[in-house]
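A.B. asks: Please dock the two separately framed chains into a single complex, following the hints provided.
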Amino acid sequence: MDYKHSTIEQLNEAICTGKVKSEELFNEAMHLIEQYQEDYNAFVTIISKYKKYGQKDTLISGIPYALKDNISTSGILTTASSNILKDYIPVYDATIYKKLKQAGAVLVGKTTLDELAMGGTGTTAHTGIVRNPYDKQRLIGGSSAGSAAAVSLGIVPFAIGSDTGDSIRKPASFGGIVGFKPTYGRISRYGLFAFASSLDHIGCFTRNVRDAAIVTDILKGNDPNDMTTLPDEEVCYLDHLNDDIKGRKLFYIKEICEEKIYQDSDENVKKTIETFHQTVEKLKEAGFEVDEVSINKELLNAIYPTYMIISCAEATSNNANLTGIQFGPRQDGQDINEIMFRARTIGFSELIKRRFVLGSYILQKENQEKLFKNACRVRRMIVDKMNDLFKEYDGLILPASGTIAPEFTHTSKSEKLDPKATVLENHMAIANFGGFPSITLPMYYYKGLPVGINLTGRPREDKDVLNMAQKIEDVLQIKNKVAGDYDV
Amino acid sequence: MISKEKLKEYANKLMFDMNEEEYETLQNEFDIILKQMEWIEKIPNIKDVEPMTFPFPLKNACLRKDEVGDYLTVDEVLMNTKHQVRDQVKVPKVVE
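These protein sequence lines are chains A and B, in that order.
Quick note on the numbering used here: the first sequence kicks off at 1 and runs consecutively.
Quick note on the numbering used here: the second sequence kicks off at 1 and runs consecutively.
The shape of chain B in the complex, shown without the other chains (with noise of 0.2 Å):
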């Protein structure tokens, strides 16, 4: 069974942490997706397959021409934050 401390440490990876109880929820529900990613490794011959990462080639993607399009006001991107000054927004020191 995977340890708690090993939960915690990917958790907080994540920038969040949880509590004891919730730890060891999550450390039950691991030992069943652990059991249920074991069927994945019984699949014969997987290992010659290609990993699929979108569901079907996109012919059409292509990078956007180097154009002025619609973009955001500072007012806009200030909006969701009270945190701001100087038309920024505003965070503790991070320069000692």
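Chain A extracted, bound-state conformation (with noise of 0.2 Å):
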């Protein structure tokens, strides 16, 4: 059978039926992982023997599957891909790896990540750089870089990863393929590795909408564990999957998708603008109604800063317990703090420091009213306006990306200057604020390259936003597909 094309129902099938056996398909996603983690580095550790564990009634048992670097495995190594963490092997395991198990997944490997999630390259982890399947040359993106490239590459049907600002998302759009977060606490947090406890989220990778489905009906639930985790809702994802989208409608942000704001920048977001407009008249074709919706441009330039500012300020918190004496190697020192210091100095890589310098220098007496509170108020007026227009429209649709992967000599410090190339590929940051829904899939290729679509709904309405894509899936038709299946 095709492995490499197949949706999580075929392979389902194909078990079931007898076709395939489970251990056939991991032995075909380790010679798979085998074929490519020199050149792509898509893991930190791979699950080279055959274990199986749980029920066989679910649409997933048998299947192989990947899971972020830092998502706790009792008895494997999870290192969130830092050297501070390079030994550590935790002594529990995270209720989504627990859910997975149960339901007869089958675990292949670890992924890399940009070091402890905090990146948007994939080229941080202290293994090496991920690159994209696409173009070697390019990055995947991040931080779930490894899962990305695992489900681009063909080598699992879907794996897990970790979305703070736009981390599951942005690198589906490079790797030409789908990311989906949904709400905010409808997946169980414990056992991650927390980055940004207030934004972090946990999602999936997968080659289509409806495996998308499929995974998150696994996944989701309340949790003791995890007490930002919503209550139980009596609904399969998988089941609501249907063609009705009458009456559904969409805006999109002018200041974001005007054309002639980027009269000046490349041919490739040029493109991307265009080709989001075209879609959004496929769209009306296929029943949708969408609306160009103006939004504040002080708002949405405020996007990136505001994230900046309240992820790295609350991971310079959460990491603190990274400290080289109960885990992670330790180093000499005359005394507790001079060993800590060394562990941290040593431990952690240049990016990561810098951005925890600019945590604490947010956190100042001085800073935390100018800088902290404002950006805080800023994500409040944010994700009113957006629960605003949720009132009217059921879902945004934005382009995921302007381009497609940058080269990783692109150097993007002049950008970050400029507005409008940071609003266009910083929004999605959008449905972390908020902990809405939010979903990625496939809209062009450009030279051979994928660029992703966006869709962001109302929280708590996954089921809803997984509906809608599906029906976007259908009108742009670009889904199964692995890298290779495009000449570059």
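Treat each hint with caution, since some may be false.
[Said to hold, decoys possible] So the derived label-pair ranges between C-beta atoms look like this:
1) B:Lys65 x A:Asp232: 11 to 21 Å
2) B:Asp17 x A:Thr127: 23 to 33 Å
3) A:Lys19 x B:Ile32: 17 to 27 Å
4) B:Lys65 x A:Ser48: 21 to 31 Å
The hints are simulated quantities; they were obtained by calculation from the structure and are not laboratory data.
Each residue gets a CB set at the ideal place from its N, CA and C atoms; glycine is no exception.
C.D. replies: So, in structure tokens, the structure goes:
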């Protein structure tokens, strides 16, 4: 069977009818890891011995998958791609890992991430950079870089990631796959190494929307170990998928999508915006109502700095436990302060330290009001604006990125002072600010490389977001693709 | 521009240090970031808004009952440190 292009349901049927054994799928995944690991570096740890737990009657039973290496797996090395955790072996399972085991899915490996999930490039892991399956000279994006690459390469039909600013949805765009983070609290984060607790989400990568519904059905649910989880809801996302989007209203933001804004931008950005507008027309033909909505530019320009301020401040606090005392490489020192100081100096990479210093600066007494509290105020203004719009509209659609995946040599420093480019590349953090369910799926290919479209919906209405996303997927007719299907 | 000494002070408060070259990179980065942060101050009436710390109110959030649940054994707790003595993590003497 064509393992790389099969959907979860096709694999499940093949297992159930005896056409293939779970172990054969696992071996197929191992073969692909052997083929790709050196070039793409998707994995920190490879689980080379087949081990299946749990039920036989779920759709993912017997199917290989990968977990981001910031999710706790008892007895299995979990490094968060950081030197400070390079030997850390957890003693407990994350709730989602337990659920996946109980559902019978088969873990093939722990995937590479930007160190401690802080980064959007996939270039800062202690084990090296992750390369884009469509072009090795380009990044795949991050922080869930290895999970995205593993699905995009066809190694696994699904992988788990975490998303604090767009860490699932941006690499999904650069990898030509689906990336879904449901509502804040829909999936337990017990066992996820915290980056910024008020923004962190767990979600999944798949190669079609239907598979995202299947995986989310397994992962979701209230968890007594995570007080931020939502109450259970009696709904199966897969069963809820249908063709009916009658009356569904979407909007896009004029200040991000207006073609004239990008007159001086490169051809790739212009093409993305043009394709986005063509897509909007197709969606209208398919039955969606789509409106252009105007939002205060100052508010949009503030998305990226707001994200940086809140996430760095929270990260500074969350990572205070990484001391090299109870776990992590122990350094020499005359006293515990010296041991911790040396462990953290040696254990964190430069980028992480820079983010932490920023967090420290923000949290200084004299800066708290001006920076941290103002960022939290902007967060509320953005979320309130979105919630107002969600009274009339069912979803927000926007390009998931302005361009194809950048080359490793590309420097974006100048862009960071250009608000228009910054908003186009960072707007997906809106969904983290408000805990909105948000999904990226492939929109088009530019010179053979994928660019995604993003749909964000009302909080708690994950099922409707998945349903609308499936319709968008039908309209765009790009699904179940793996790198190599298109020549670069 | 923020001074390198100030950046070093912030880093040391978080119990780590960086080298000279890294502080220089950080100094340049801070220049960009502080300019971006000025975008926030341009937003009108920002002071009238209540800061938001979570995406939405969590209605079910409550403290767990005071009941014995799952717990780690001593061996599990010590599993990730090579430095241990009498079922405890060993560190240099802290009392003179």
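A.B. asks: So, for every hint listed, does it hold in this structure?
C.D. replies: For each hint, the structure was consulted:
1. B:Lys65 x A:Asp232: 11 to 21 Å: Holds: the Cβ-Cβ distance is about 19 Å, inside 11 to 21 Å.
2. B:Asp17 x A:Thr127: 23 to 33 Å: Holds - the Cβ-Cβ distance for Asp17 of chain B and Thr127 of chain A, about 24 Å, lies within 23 to 33 Å.
3. A:Lys19 x B:Ile32: 17 to 27 Å: violated (56 Å)
4. B:Lys65 x A:Ser48: 21 to 31 Å: violated (42 Å)
The structure does not agree with the numbered hints 3, 4 stated previously, though it agrees with the rest.
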